[in-house]
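Protein sequence lines, in the order shown, are assigned to chains H and D. In this text, residue positions in the first sequence follow numbering that gives the first Met the number 0: the first is 0, and each later residue adds one. In this text, residue positions in the second sequence follow numbering that gives the first Met the number 0: the first is 0, and each later residue adds one.
In case anyone wonders, no lab produced these hints; they're calculated from the structure. Keep in mind that the hints are not guaranteed to be accurate.
What the hints assert, rightly or not - Selected chain H positions facing chain D (Cβ under 10 Å, derived; list incomplete):
id, residue
1, N1
2, G3
3, F7
4, L29
5, G30
6, E61
7, A70
8, G82
9, V91
10, M106
11, M144
12, E152
13, K155
14, I156
No residue lacks a Cβ here, since even glycine has one placed at the ideal position from N, Cα and C.
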Amino acid sequence: MNSGPLLFLGLFATMACSWTGFVLAPQLQLGGLTQTNTVVVGDALSQTYPLAQPGEAHAGSEVYRANACAACHTEMVRPLDLGSDIQRNWGVRRSLAEDYLLAIPVMLGSQRIGPDLANFGRRTDTNGIYLRLYDPRLITQGSVMPPYRFLFETHKIGFFHSTDALVLPDQDAPPPGFEIVPTPQARALAAYLLSLRQDGYLFEAPPPPLPRTNAVPTNAVATNAVPAAAKPAAK
Amino acid sequence: MNVIASPAPTISPASPQAQKVGAEASCPVGMLTLFAGALLWLLAASLLGLRTSLNFHAPTFLAGHGYLSYGRVHAAQNAALLYGFGVPSALGVGLWLLCRLGRTTLAGPAIVFIGAIFWNTAVALGVGAVLCGGGTGFDGFELPAWCAPLLFVAYLMIGLCGLLTFHQREAGPLYPSQWFVVGSFFWFPWIFSTAALLLLCVPARGVLQATTAWWYVRNFDTVFLGFAGLASAFYFIPKILGRPLRSHYQAALAFWTLALFGSWGGMPDGAPLPSWIISLGVVGTVLTAVPILTVATNFYQTVRADLNALDADPTLRFTYVGLMFWIIAGAQQIVGALPRVSVVTDFTWFGAAQEELFHYGFFALTVFGALYYIVPRLLGLDQGAWCPKLLKWHFRLTFLGVLFSYISLLVAGIGQGILLANSGNSFVDVMRRTMFPVRFNLTGDLLVVLGTILFLLNFAGVLVAAYRRCCAERKGCA
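Between the sequences and the hints, there should be enough to build the whole structure, so can you do that?
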């Protein structure tokens, strides 16, 4: 421990250990992931997963990044046996590496001051997002989310109302003759939030097993053979 | 293992030869710029922290302006604390220790000065950009992509001077603080360049960005800041008490195990990754118990006979309290990594509490302790240059503030985790109930801000005293 070069070599070796384990090895395992096909559920067809984000949604992810939404919101659902994420209806299955394949940057977040958003697009609509951004307490009493009014503009109403003008209760309504409309940033952010849905069943996270039943499957083909499900139980 | 058997009893920092040579003879401007910049950034970070804490009292407060909205200010606070305060103070204290322990003068003081100016300018531009919406979206690595090369060059300027200083040391065995300083000087550019490459220049595919970011944050905190703080503790506690460090072997064990295991982990359980990565991280985190226990026993055996003397000296008091917070923060990190616990505490205030304790409680307090010793000596003054009243209140306010914030966030984190584990409790309801302890955090932040202001006043007072003395000496000569 008294020689500078030896100290350097030792440090380099420990660093290399950590780097190999946590940077290189995950890269070797996951770096080659490509889009895949979802597991077929029921009559549905297999789909390519994940689909590329539409352009506006990608612009919205930039708004999400710029305002550091990940300071309060995570975007990952833990498995059924870890925490209550799935019971809270934050997702139908755990999040997987495939879900983030096309996202840049990947903002998984580290703290939940607000709910998880991995599947936010499954449980809301554009108008709900606008209202939440304009004044979160209109939707959720007692929320500590700050309002993002700088993403909205107050306009004088022209010949027609804007199609996406906010419908607000009386105490929040703009003065008569004016309306509150989302800026392009808010529109992009809403498009991004609506694009958040991790609902393709994949090989690692198959759909939950169907309830056991003796009923003949509805899509049974007309045949003389005894359907498998209708066979008397062996035991 | 007793003192006689330790490998290098002769170079214990208590030896008188270490006095009055080395750092004192070097040009102090570079190091003082690092320290002054770091303290101003600490104040900035604490003020930004005040604004984020206010959000939980009045969410609509200052929300009308994008650049003062919660998320951006939170990111800017993190950046100001880690890159404005953390890195320069680690570098400054490290440079001073390398001079002092190597009994040499600082190599390239002008380059250190230019590097410090460069670094602070880059951080200022970066924090401004984060407030304007240019953050990267990665927690702990917020400064924008164009900022990374500036920071890297500035770091290399200062770090290379550090290595040259280390190289020109007087021949002889190394003291543990020197290993820790050299370790931290090497660690930062390695992890920083990896993160900058894989997150910003050529973004890694999908979730690999998240693993890299988590790995970087863990390395930055546990290894880089940990090494820097421990280097200072290993020097000042034996030095001021006048007792040699109990065991250099134990210090070596702590050093290598912290480098090896402290750099593993940081991925939350259930993250969308192959589970071996998460398990390996848990193993590494739990094994950091080895360095923590080793450091704790080593210091306890060193100071055991003089427990009362610990409060007599400001440097000692700040350093040993910081070291205790390091032990608590480390223990909390280990407990929080155990699968049974992490399922409850992940993604709650529990992690925020641990970071608060590690950054403010351990690192900042240790740096304060070091600065109380270093700054007057750099300026040719003695310890009496500090105003004792300001010093006393700085300690009290900072200590209480850190404790207050830590306990309130810890209670909030555990409460949030336990309540959320039951899916019958609605999320809004849980948040409403955990806001009560979280709101106490504001008081803690306020105390820390006041303490930092007192320290800055005291620091300015010492600079003025040195300036006056310099003027008086010139008059005397004339």
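**Study point:** Hints the structure fails to honour
**Key:** 9, 12, 13 and 14
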